[in-house]
Amino acid sequence: MGKINGPEPAPRRASQPERMLSALAVLAVGLLSVVVTLSVVTRWLGWGLIPDSVLLARELMVATIMLPLAVVTAGREHISVTVFTTKAGHRTRLVLEVIGHGVGLVFAGGLLLAGWRFLADAVVTGEYYDGDLYIPFWIGWAVFVFGAAAFFLRLAAMLVIDLQALVVHRGGKSS
Amino acid sequence: MEPLQLAAVVFAAALVLLALRVPIAYTLGGVASVGLFLFFSWRPGGDFEPEHGVIPALSLIGSTSFEFVHNYPLSMIPLFIGLGHVAYHARITTDLYYALRVWLARLPGGLAISSVVGCGVFSAITGSSVACAAAMGRIAVPEMLRFGYDPKLATGAVASGGTLGSLIPPSLLFVIYAIFTEQSVKDLFLAGILPGLLSLSGYVITITVWARLRPTAAPVPEIADLGKERLLVLGRTWPAMMLLVVVIGGIYMGIFTPTEAAAVSLFLAVLIGFARGRLNPGVVWTALVETTRQTTSIFLIALAAKLFVSFSSLTRIAPQLLDWVQGTGASMVLVMAMIVVFYLLLGMFLDSIGILVLTLPFVVPLVESYGLDLIWFGVVVIKLLEIGLITPPVGLNVFVIKLASPPSVTVEIIFAGVAWFLILDVLVLALVLLVPAVSLTIPGAAW
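So the sequence lines, in the order shown, correspond to chains A and B.
Each residue of the first sequence is one higher than the one before, counting from 1 in the working numbering.
Each residue of the second sequence is one higher than the one before, counting from 1 in the working numbering.
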């Protein structure tokens, strides 16, 4: 598992907006720890300082997981089964990467379309979670859609990059 | 199209794509999305009507995915991953290893014993075997080689010790198992403690026997009696001990839920790191960047697997397989033996998370149908996956240790070293299989 042996198509540097989304995810995981810890401590003290801490943690989880998707994809960090293709040459690996991006686009496209529908619905209905803070549904869905959109766009960019590399490689140049 | 036909086609497509190096998450998510669309568009005996398939497929994809990421109990995964990264950057791991080294160096194979005990303690802070092997490998392997240890012993000990990360709680694999089997994370964590300690003790015995049989493999280092420094280095391990008490003690005593234990221990680790001058905002940021990337990779696989499971449930392929197995009249012992062989074989080629999410939807109903305890079965599966981490050709921990070793230490040398520890692993596995009390005693006694 993982990409350990042999030459691999190079990871790409994420764009500025992608890195910003990833930075937001870092803030989210930090906040997650703070929210849950403060909730536990103040519960012991009988203050209940953090209202809706469970709901807040759930919203932060969406950001933690969805927002770094594009950066992870740019870095080719998704886990794959490599044991059957370790002997493959560079060109074959590029072909396999292209197939992977294509399959990934189907997955990401489904997430994006589904998320968009639910987001639109949440905005129209204006529903919110029961609790003290009246957190609206659309916030979590908007974060979900942002992450899925960035993931989809990055996959499309990777597809183009690897197709270009494949064309260059076919022309006899090293990529 | 008949649901079973569709399921067979989708499963075959998934296997082909996995073999073609398509990332596990893309494969499971992609084929599940297409499968759901076809399922709703192409009813049995009816025509293909894509206009009827889009909306239900998108609804299921959206609701399943969002519920999975919008989840409070699962927030323990990024928090425990973060704890491992922060503990490493705050050099809590390094202090632990050096203290153990000072105390145990004069024993036969003392440095290797320090490494596996360090792995055991670090396992109680982080939830990942690979993280454990990577953190301890970077510190311990060069140190042992410097003191003239046989590379087989040095690398084999850390690669094997790293596997404790999955068995000793907290464990990401237990959390993922809990998601897919709807079992208590707390019970699974507690069930892993005794088998984890048994594995750890076994590794220590293996090293001792190795060092006694071949003293040249583990020369006793010429370290002067450190006197007061022994207490000093022991004192430096208090952060590791405190985190261990918070995580395991807090969960066992019922003070924290596992999610709360994860959050509080991460918060504490950061505070301790700052108080000791080991962390600054930049280092914490780096640790959390590593955390979010690892979390996203793991969650995308689990999310895709959830979609795959939803698709499988609709096609009812699992109950059909179950009926078939029961129809053969196979005994429980035979079924368990086949499951063990199945996981050992898969572990040789596939990643632990991939194996879990791909197999549990089919194996768990089978195990349940024989009335077996799913907490006990969880420990058996995780132990099997641990063995997979150090068996050729794709022992991930072995490759992680290779990265921490000089070029002269080949993968073959590490696999040769690991072979000694595998014998012990098989014995512990047999004990866990044959004596369920090894797994179930602690959860039964917890508050």
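Everything labelled a hint here was simulated from the structure, so no lab data went into it.
On a predicted model such as this, the values are computed, not experimentally measured, just so you know.
Cβ atoms here follow ideal geometry from the backbone N, Cα and C, with glycine treated the same way.
Hints are supplied without guarantee of correctness; some may be wrong.
From the structure, some residues in chain A lie toward chain B, with a derived Cβ separation under 10 Å [stated by the list, open to error]:
| hint | residue |
| --- | --- |
| 1 | Leu55 |
| 2 | Val71 |
| 3 | Leu105 |
| 4 | Phe107 |
| 5 | Glu127 |
Honestly, which of those hints from before does the structure not fit? Going through the list in order, the structure violates hint 5 alone and respects the others.
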